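**Student:** Using the sequences plus the hints, can you model the full thing?
So the protein lines, in turn, are chains A and B.
So in the numbering used here, the last spot in the first sequence is 443, and the numbers never skip.
So in the numbering used here, the last spot in the second sequence is 800, and the numbers never skip.
No wet-lab data here; the hints were simulated from the structure.
The structure displayed is predicted, hence computed values, not measured ones.
No residue lacks a Cβ here, since even glycine has one placed at the ideal position from N, Cα and C.
Don't take each hint at face value.
Stated by the list, open to error - If you anchor each label on the Cβ, the simulated ranges turn out as follows:
{"id": "1", "chain 1": "B", "residue 1": "D701", "chain 2": "A", "residue 2": "R247", "range": "56 to 62 Å"}
{"id": "2", "chain 1": "A", "residue 1": "A326", "chain 2": "B", "residue 2": "D701", "range": "44 to 50 Å"}
{"id": "3", "chain 1": "A", "residue 1": "G202", "chain 2": "B", "residue 2": "H434", "range": "42 to 48 Å"}
{"id": "4", "chain 1": "A", "residue 1": "G357", "chain 2": "B", "residue 2": "T744", "range": "44 to 50 Å"}
{"id": "5", "chain 1": "B", "residue 1": "Y457", "chain 2": "A", "residue 2": "E365", "range": "52 to 58 Å"}
{"id": "6", "chain 1": "A", "residue 1": "S302", "chain 2": "B", "residue 2": "H434", "range": "42 to 48 Å"}
Stated by the list, open to error - On the chain B side, residues computed to face chain A include the following (Cβ under 7 Å):
{"id": "7", "residue": "D410"}
{"id": "8", "residue": "R415"}
{"id": "9", "residue": "Q419"}
{"id": "10", "residue": "G700"}
Claimed, not checked - If you want the footprint, here are the derived chain A segments under chain B, 3+ residues with CB under 8 Å:
{"id": "11", "segment": "94-102"}
{"id": "12", "segment": "248-254"}
For reference, the chains in residue letters:
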Amino acid sequence: MNDRYLGLVNTQIGSALASRVGLPRPAVLRRYQAGAPLLAGPVLLGSISGTAPPALAGLLAGAGADTRTTDAGDVAWAGLVLDATEVSAPDQLAGARTFLAGPLRRLMPCGRVLVLARPADGTDVTVDASRQALDGIVRSLAKELQRGATANLLLIEQGASLESGVRFFLSGKSAYIDGQSLRLGAGPAPPPTDWNRPLAGKTALVTGAARGIGAAIAGVLARDGARVVLADLPQAGEALVKVANRIGATTLHLDVAAPDAPERLLTYLAAHTDGLDVLIHNAGITRDKLLVNMAAEQWDSVLAVNLISQLRINAALLGGEQLRAQARVVCLSSTTGLAGNRGQTNYGATKAGVIGLVRSAAREFTAHADSTINAVAPGFIDTEMTARMPMATREVARRLSSLQQAGLPVDVAEAVGWLSSSGAGGVNGQVLRVCGQNLVGA
Amino acid sequence: MSVRRAAVIGGNRIPFARSNGPYARASNQDMLTATIDGLVARFGLQDERLGEVVVGAVLKHSRDFNLTREAVLGSKLSPDTPAYDVQQACGTGLETVIVVANKIALGQLESGVAGGVDTTSDAPIAIHEDLRAVLLEARRATSIGGRLKALSGVRPRQLVPAVPSNSEPRTGMSMGEHQAVTTLEWGISRAAQDELAVASHHNLAAAYERGFFDDLVTPFLGLTRDQNLRPDSSLDKLAELTTVFGRGESATMTAGNSTPLSDGAATVLLASDEWAAEHRLPVLAHVVDAETSAVDYVHGDRKADGLLMAPVYALPRLLARNKLSLGDFDCYEIHEAFASTVLATLAAWADGAFCRQHLGLTGALGSIERTKLNVNGSSLAAGHPFAATGGRIVAGLAKQLCQNGGGRGLISICAAGGQGVAAILEA
Ligand SMILES: NC(=O)c1ccc[n+]([C@@H]2O[C@H](COP(=O)([O-])OP(=O)(O)OC[C@H]3O[C@@H](n4cnc5c(N)ncnc54)[C@H](O)[C@@H]3O)[C@@H](O)[C@H]2O)c1
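**Tutor:** See below:
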């Protein structure tokens, strides 16, 4: 679904018009392109106490970023990275204002603000209150930023590896992630041999891969070096072939809701692969109706495809021989699962259920040789699923986020791709929203 | 030189459509390219150079002289994959499997695709033979005057195009009319034919329901299952149909117990065991042996040499060479050109006098358990795009044998021109 408004507003006349009458002015987002630098310009690194942490400077320089530690006053910044891990009292928070306020005026379009902090851990009330305050700063700042710039917060546990996460949130891969916080734990997160092919040598399977977000995920995983198996309904086979032959993947006709789906999947993996490294539970359907009007079939089919299939397939994989060490599972949730949505009690049940699933299963996956399981909750993404919405509702929904536009399937795919990589091993049992800071939900 | 058995890795076909149905505007090349692409996607063969792709079509446009190679060039296979066409009427599909399997057996190929495609919708229409003669004459003329003179020979009646029919050039009789003679000679009843047709529909429907075709079929142009399939087919419904072949009281053949004209394509991936292992692809079954045969349906015996009776002769030779008897198989795939073709074939093998007199045996070749016959449906239900049938059968049988945990399967296909092709698979 082409966003005509986004195109129009980015012409000279359109932009002038929009600003005069006060219409939203969404920016064309900076998205990842192979070979492009991490950031479009220099990055300013600082800390709450004033001195830039040398380890972080080394990490950014290693990622190829032009890293500076002082604001010369005339530099346009592509990124601002604030180390706030030292925050332990409310008066220290002023350091965030001191560091950010000046350079923010010169933040480039699609710039990045990234704040690193410690998670509240319940040991000291003053410390926890101060740390939590950073969440409020970042979420509010994200709403103030313009021209496609984003602000996000990384909550870093002791012993967590930062590199992969910092790279992801500064890069164009996180274009549609805004106003979010994500926790990085101490789980093993080995960096890839080649940052351009972080999934080289891995075998991945994506359900619902014939179109939309699933097809985009498959494309990103293949680009990142994985051998990808695309699963979808037999009826979707024609489209599935096209995706597979475009990205160089194999097809598997599988109804994830079929009673024998887990068994079929295991049999296929045993016969055709050396085991599975990455599983993406993406297949999903909507059968929207107000609860009072909802038929049993509409309820049951959505539950079966969106939630029950994931539970059953995970159980089979954990109980079987086919899931490899340090495996990655990513489940598609939705902002509907966080905020609810009228006419979607069935869908909302499954998407919230998926969040419960990943939170609860995280420990079990850690026990499976340091594997992880996470959820990605897309906001409004332009696909055939959302193309079915009435035009006016769709137009409004597109603008209801800080980035004032719908995301693209590839935005969700990049998040999934990152969570599938070895470097994201510190993220487990988490929900990452890819919603342009949708005004709906948390 | 050592000989090895070629492995059947799997197959891909598109659902078969009825003539002038959803594939009415698809050419053989369109269907074949899509079918190869589906095979490529299923087995991850993008940009792979395969040994050979050997496919055929029975109804072919003259511009399609290099049909298979053109389809390969349009597919995701490496353009360095050689390809050629083979044609043996309805035996084409199975014959291509034999050709590729034999080359693999001899070590000349490590991998290959066999298959067939046919459209009765986008059929070639020939110009009137006299008109063709006139046009060729005009082309040979050296002067404009000569050309005009030659062209003045065109007559209005010559402008009516000659649409191909499936009648035999030497008898002028259609295949159905030939089979009607055989049906009558062997005394095959209407009820027995309808029963076989119902079983075909029910077996095919059940196979779809089980998901048996999930890794054998890829939808095409919106069609997800064989269009001809009638899951609710019943003896009562079939009994209502009027006969279409044969004459008078003795006619028993209807549109329900004969295959409809259809469009479709099927391919099979064959390889050496080594190639399969290198590509991490499981082997479904192996091709053991094959035999072709032909009968003189023009001058021969009305009962023994019917147009579609040739497989009856292929089988004893094939069995003898492999030291097997008719009962030594777990699955039988006898192509349902017409229900009565299958029944006449079975009747012939069970007939001691016939087997002694015509097959040189000491008694009846034997009979088979009907529960092992066409267990996933056959042409009556699926339809029969002539050259595509062999590929459909080989891939399906190989998968069934593999699912059974091993076993032996027999394929028998009759073909125009009084020919037959038979093959053995083993898993
Ligand atoms: N588009 C959005 O805005 C949005 C927002 C939040 C979450 N999501 C979620 O993202 C996922 C993908 O959404 P999309 O917009 O790409 O949807 P889509 O409808 O475009 O594609 C879904 C795919 O899943 C397949 N599928 C459906 N049932 C299946 C089954 N039983 N077995 C196997 N495959 C099956 C479909 O054939 C289709 O190819 C879904 O889980 C959806 O809930 C989408």
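**Student:** Next step is simple, just say for each hint if it's right about the structure.
**Tutor:** Going through the hints against the structure:
| no. | hint | verdict |
| --- | --- | --- |
| 1 | B/D701 with A/R247: 56 to 62 Å | 46 Å, violated |
| 2 | A/A326 with B/D701: 44 to 50 Å | 47 Å, holds |
| 3 | A/G202 with B/H434: 42 to 48 Å | 47 Å, holds |
| 4 | A/G357 with B/T744: 44 to 50 Å | 49 Å, holds |
| 5 | B/Y457 with A/E365: 52 to 58 Å | 55 Å, holds |
| 6 | A/S302 with B/H434: 42 to 48 Å | 46 Å, holds |
| 7 | D410 | 6 Å, holds |
| 8 | R415 | 5 Å, holds |
| 9 | Q419 | 5 Å, holds |
| 10 | G700 | 31 Å, violated |
| 11 | 94-102 | violated (count 0) |
| 12 | 248-254 | holds (count 6) |
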